[in-house]
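Enquirer: These protein sequence lines map, in sequence, to chains G and R. Just so we're aligned: 325 in our numbering is position 325 of the first sequence, and the numbers increase by one with no gaps anywhere. Just so we're aligned: 255 in our numbering is position 255 of the second sequence, and the numbers increase by one with no gaps anywhere.
Just so you know, the hints here were simulated from the structure itself, not pulled from any lab data. Note that the coordinates shown come from a computational prediction; the quantities given were computed from them, not determined experimentally. We put the beta carbon where it would ideally sit given N, CA and C, even for glycine.
Computed list of chain R residues with no C-beta within reach of chain G, every gap over 10 Å:
1) 26
2) 137
3) 256
Rough simulated footprint, nothing fancy, chain R against chain G, three-plus residues with beta-carbon under 8 Å:
4) 72 to 83
5) 96 to 110
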Amino acid sequence: MNQHDSHPSGFLLTENLVKRFDDVVAVDDVSISIQKGEIFALLGSSGCGKSTLLRILAGFEKPTAGRVLLNGLDIASFPPYERPINMMFQSYALFPHLNIWDNVAFGLKREGMPPAQIKTRVEEMLELVQLTAYAKRKPHQLSGGQQQRVALARSLAKKPQLLLLDEPLGALDKKLRQRTQFELVHIIESVGVTVVMVTHDQEEAMTMASRIAVMSHGRVLQVGTPQEIYECPTNRFVADFIGNINLFDGQLSVDEHDRSEITIDQGVVHIDHGIGGSIGMPLTIAVRPEKIYISKTRPNVNVNLFSGKVREIGYFGSYSSFIVEMQDGRTVVVTEPNGSRLENIDITWDDRVFFWWDEADPVVLTH
Amino acid sequence: MKTSSSQALLRLLQAHFGKLWLLVVYLFLYGPLLFLILFSFNSTRQDAVFTGFSTRWYEALLNDSRLVGGFFLSLKVAVITGTLSTILGTFAAFVLVRYQRFRGRSLFSGLVSAPLVMPEVIIGLSLLLLMVAVQHAIGWPERGATTIVLGHTLLGMAYATVVVAARLREMDRTIEEAAMDLGCRPLQVFFLVTLPNILPSLVAAWMLTFTLSFDDVVISEFLSGPGVTTLPQVIFGYARRGVNPSIYAAATILILTVSTGIIAYSILTMRAQRRRERDAQAAVLAEIRSVEENVGTA
Ligand SMILES: Nc1ncnc2c1ncn2[C@@H]1O[C@H](COP(=O)(O)OP(=O)(O)OP(=O)(O)O)[C@@H](O)[C@H]1O
Ligand SMILES: [Mg+2]
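Model the full structure from these sequences, guided by the hints.
Expert: The structure is reproduced here in structure tokens:
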């Protein structure tokens, strides 16, 4: 169900795409639809097949089965040099024997653009990435961040209909990465190109992408906006992969149309909506750490209230994180913004605490 | 008095033992060559006594049509061998490095480098047998320059393959994909991106195989025909019939040509090596600078 996107007709469509390498299925029945002008991220852990999917779009890999439609045209059999698609490589892949100017001009020369036009276009591109002063340098004379911008300029020079980014910020250090994220989005939006990017960094996907496809073992598990993926994960893997989350396994014990109860090992969890399942079916409850309240004194609530002992406290500046151990040894992660609730300041190791959450906050996962 | 001086000598020996040893080794290596070069400038036919400086043997050399002919034949053979070996070696290196999985790959890679360790006498003899048989069957090739080139190329190709494959292996393949992504057809990718990036190794391979061919005597001896003799062969023939200072002159020219090739090869590879190191350093420095800038602005 979640494999398939809700938009049947997109600018870029993949239909039941499969790629097999001998015994490894790198891409497994992937159908996604990407709209014009979107920044679409393929997110997943190492080896989940995101690079392979991107390389199929670029034309470097032939899919074992399935179709790739760009503007309604099946391009699966087109070689890379005949696709209106350009890619920015993870290692940048700048030509070491050419200077920056010639690197950016390379694609334009191949399509036989007149020299005068090439000149304006290259200058425009170097302007865009603020590297005009470096035009005569060789790639190895630039820093990592500058090389990344050259790679971007080169892949945008031919005005591709689709831009592919493979781990665009993967080779930069953390500090530079955060700043470059916004810069990159700014440039992409000013050009107005449709982007498919690959990343294993959820923060990068969250900040840059308009929609995200979470992948695991070659399959797309969920497609949605960053908020949808975070707030309403549809399965256990996605919930666990994106951010921190507490998962409780249990069974459905009450199921009415506007409320339900799920019995977990530590008690009963109340939910403010119906599940529409059968009583006794196994379910998983997912609660984000920041949705959980914590207090040393007993609060004035009587549902979804649990207690335990504080085992660990982590101070992260703007928030603190508590690891609370329940009676049966199960631990729960709770985060609290610092300075908001004064009574929590004095929670320390081995304190007995109460924690609870609203009936609207847990996400119920059926598998 | 005597004991103190011998003690001093001993001390001197101890202090400079390493240098002395090196000197002995170098004398052993290059003494004969220096001797040969020196005597090529001897004014008389004397073998053991240097009687005075003259260039008469070089003049005699110019009038010796066999030596001059041998020199130009060697030059021609070496140039063609260098070129053929480099081209064929590049193809072989490509197949070895780029096609990781085909039937008989390890056999092929073994066979390509086998001539490196095979005794040259065996190579020469087996080639001679083959060429004679082929000539008998189709009337070609006549024994002479062609067969020598074929023989040298067989050996040279093995060397060229090793040199080019090493460079090809360390080349970043994604730049070829990038070229294709930017609109290059496969052939354009090769000429516009791959070739410029492996060019230093092709030059090195050419010089190495040129040198190999220029001073080879064993294979040439098997494959040359009547009246066709390379410079080393002519020298060899003269030496057998009794030495003559004009051979020294010819040998000096040979040494000069070969060492020019070797020195050029080393300078080229050394320079490439140094450039790579410098580039790596420059990149690291640039990285540090950019990080500093960022820390500064943050
Ligand atoms: N050319 C290939 N031959 C054989 N197997 C391959 C090839 N390319 C990829 N694979 C396999 O396909 C799977 C997916 O690889 P892929 O490179 O797409 O992963 P990824 O999600 O990009 O991972 P990473 O984040 O590490 O780059 C892996 O198991 C990998 O080993
Ligand atoms: Mg990858």
